[in-house]
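Engineer: Whole structure, please, built from the sequences with the hints as guidance.
Same order as they appear, the protein sequences are chains A and B.
According to numbering that gives the first Met the number 0, the stretch in the first sequence is residues 0 to 185, in order.
According to numbering that gives the first Met the number 0, the stretch in the second sequence is residues 0 to 185, in order.
Any given hint could be a false lead.
The following residues of chain A were derived to be distant from chain B, with all beta-carbon distances above 10 Å [as the list claims (entries may be wrong)]:
{"id": "1", "residue": "Pro2"}
{"id": "2", "residue": "Leu25"}
{"id": "3", "residue": "Trp85"}
{"id": "4", "residue": "Ala105"}
Partial selection, computed: residues in chain A whose CB lies under 8 Å from chain B [to be verified]:
{"id": "5", "residue": "Gly19"}
{"id": "6", "residue": "Ile87"}
{"id": "7", "residue": "Leu104"}
{"id": "8", "residue": "Gln107"}
{"id": "9", "residue": "Glu110"}
{"id": "10", "residue": "Arg114"}
{"id": "11", "residue": "Leu116"}
{"id": "12", "residue": "Met140"}
{"id": "13", "residue": "Gly150"}
{"id": "14", "residue": "Leu151"}
{"id": "15", "residue": "Ser157"}
{"id": "16", "residue": "Thr158"}
{"id": "17", "residue": "Thr164"}
{"id": "18", "residue": "Val175"}
Here are the computed distance ranges between Cβ atoms for each label pair [as the list claims (entries may be wrong)]:
{"id": "19", "chain 1": "A", "residue 1": "Ser111", "chain 2": "B", "residue 2": "Leu38", "range": "25 to 31 Å"}
{"id": "20", "chain 1": "A", "residue 1": "Ala134", "chain 2": "B", "residue 2": "Glu6", "range": "52 to 58 Å"}
{"id": "21", "chain 1": "A", "residue 1": "Pro93", "chain 2": "B", "residue 2": "Arg176", "range": "36 to 42 Å"}
{"id": "22", "chain 1": "A", "residue 1": "Gly44", "chain 2": "B", "residue 2": "Ser88", "range": "43 to 49 Å"}
{"id": "23", "chain 1": "B", "residue 1": "Ala70", "chain 2": "A", "residue 2": "Thr158", "range": "24 to 30 Å"}
{"id": "24", "chain 1": "A", "residue 1": "Ala1", "chain 2": "B", "residue 2": "Asp122", "range": "47 to 53 Å"}
{"id": "25", "chain 1": "A", "residue 1": "Gln58", "chain 2": "B", "residue 2": "Arg62", "range": "32 to 38 Å"}
{"id": "26", "chain 1": "A", "residue 1": "Gln58", "chain 2": "B", "residue 2": "Thr158", "range": "14 to 20 Å"}
{"id": "27", "chain 1": "A", "residue 1": "Glu17", "chain 2": "B", "residue 2": "Ser88", "range": "35 to 41 Å"}
{"id": "28", "chain 1": "A", "residue 1": "Gly44", "chain 2": "B", "residue 2": "Tyr41", "range": "40 to 46 Å"}
Everything labelled a hint here was simulated from the structure, so no lab data went into it.
These numbers come from a predicted model, not from an experiment.
Don't be surprised by glycine CBs; every beta carbon is placed ideally from N, CA and C.
There are 2 protein chains.
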Amino acid sequence: MAPRKHELVEAAIGYLVEHGLADLSLRPLAAAAGTSARLLIYHFGSKERLLAEVLDTLQSRLRASFDAVSAAGQEGEAPLQTFWKWAISRRSFPSLRLLYELQILAAQKPESYGRYLERNSRDWLELVRTALPPAERTDAMATLLVAVFDGLFLELVSTGDRRRTTEALDEFVRIVRRARGGGTPA
Amino acid sequence: MAPRKHELVEAAIGYLVEHGLADLSLRPLAAAAGTSARLLIYHFGSKERLLAEVLDTLQSRLRASFDAVSAAGQEGEAPLQTFWKWAISRRSFPSLRLLYELQILAAQKPESYGRYLERNSRDWLELVRTALPPAERTDAMATLLVAVFDGLFLELVSTGDRRRTTEALDEFVRIVRRARGGGTPA
DNA sequence: CGTTACATGTAACGTCCGTTACATGGCGCC
DNA sequence: GGCGCCATGTAACGGACGTTACATGTAACG
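Structural biologist: Below, the structure written as structure tokens:
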């Protein structure tokens, strides 16, 4: 990829993360990136392809970061808590927030954003499922874990209350451990 | 309120529920309602005030429906399950989906939609908190319950899988009951 | 030096947007 | 019948949008 184009992708990621994507338009994005709408079209072909490239980049970057953190969990800490700490870190949080917005918009307008949903939802579920201890490796349990994470993350996005949402997650982990009488929940 | 205006609010609710609000524009809405953009502005003053009126109507209607169902829970069923059945019913689901979209958009663009967040999030939390048995009446527990509900609902919105999300909720209720050794979770 | 390819600037196109100006209905009231 | 008020239709405004046409710069290469 041309180096200039790469810079533009970086700038676009920064702009999207800050402004959301529901009302994205080229001219303000271009101004923020120090270029012009003309050049964005020149480099990417169309707004749609620009979005595709930017979001794909962001998604794979987050996936890589996620894989890295999933390898190195703290002792005595449930994987769910490891992921939570990663998700709410200053580096990951804004990007994840953007991807949750994408998820919602895709659900309401699949003809515009549907292509970003195909992999994502099922992949995450399967990933969580295989991380579960075999005795609990059910669709219901995996779905529940994903939902707890998603729900708390969105609560955090809405209210900004890191402490309360983190305590709620800890409470969940405690409840699961109590229910099975010890062990490490995912 | 003028009867014609009331009809327009109804039509707008139907349109919004179907098309989402991220890219709402007056002319298609007017066409679907059998009128013209001119008349929408005439009756409501501006697009913004139309949205305010429509969303307020929708919110208070859902709140009333919620209160009604919260009074009449099934025996042996956790309140959370009662609300879930209500939420995924054909009548409530599309409206709730719209309000979740509103929530996300408000988080990304508070200057446009922020006014809809002030009451909502804190109110729900407090409502759930007071419904909890005193021993568990903590912010963490209330936050967790709200998050489980929200997370599962959004998973349902994204995937449409009623069975799996409902089973996940049942699994959660089972886990909570096991953790406390019987009783009725909220 | 001339050519070629990529990069960029300026300006416009056509379309949609929310909103407004202006004219015209219908309908009760004096 | 005239008058006023609410409702409505037609058409336009100014502005933003994604995109394009066209000209110009710049730098590498023969």
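Engineer: Given a cut of 8 Å on the nearest C-beta pair, is the interface hint for threonine 158/A held or broken against chain B?
Structural biologist: holds (6 Å)
Engineer: Note whether the CB distance of alanine 1/A and aspartate 122/B lies within 47 to 53 Å or breaks it.
Structural biologist: holds (51 Å)
Engineer: Please check whether serine 111/A and leucine 38/B have a Cβ separation lying inside 25 to 31 Å.
Structural biologist: holds (29 Å)
Engineer: Min Cβ distance, leucine 104/A to chain B: is it shorter than 8 Å?
Structural biologist: holds (6 Å)
Engineer: Hint says 52 to 58 Å; check whether the CB-CB distance for alanine 134/A and glutamate 6/B agrees.
Structural biologist: holds (57 Å)
Engineer: Is the interface hint for glycine 19/A satisfied, with its Cβ closer than 8 Å to some Cβ of chain B?
Structural biologist: holds (4 Å)
Engineer: Given glutamine 107/A was flagged as interface, is its beta-carbon under 8 Å from a beta-carbon of chain B?
Structural biologist: For glutamine 107/A, the interface hint holds, since the closest Cβ of chain B sits about 4 Å away, which is under 8 Å.
Engineer: Indicate whether the distance between the beta carbons of glycine 44/A and serine 88/B respects the range 43 to 49 Å.
Structural biologist: Roughly 45 Å apart at Cβ, these two residues keep to the hinted range, so it holds.
Engineer: Double-check methionine 140/A for me: the hint is only fine if its C-beta lies closer than 8 Å to a C-beta in chain B.
Structural biologist: holds (6 Å)
Engineer: Does leucine 151/A pass the interface hint, meaning its C-beta sits closer than 8 Å to a C-beta of chain B?
Structural biologist: holds (4 Å)
Engineer: Holds or violated: is the Cβ of leucine 25/A farther than 10 Å from all Cβ atoms of chain B?
Structural biologist: holds (16 Å)
Engineer: Taking the CB of glutamine 58/A and the CB of threonine 158/B, does the distance hold inside 14 to 20 Å?
Structural biologist: Hint holds: Cβ distance 18 Å, inside 14 to 20 Å.
Violation of the numbered hints given earlier is confined to hints 4, 6, 9 and 10; the remaining hints are satisfied by the structure.
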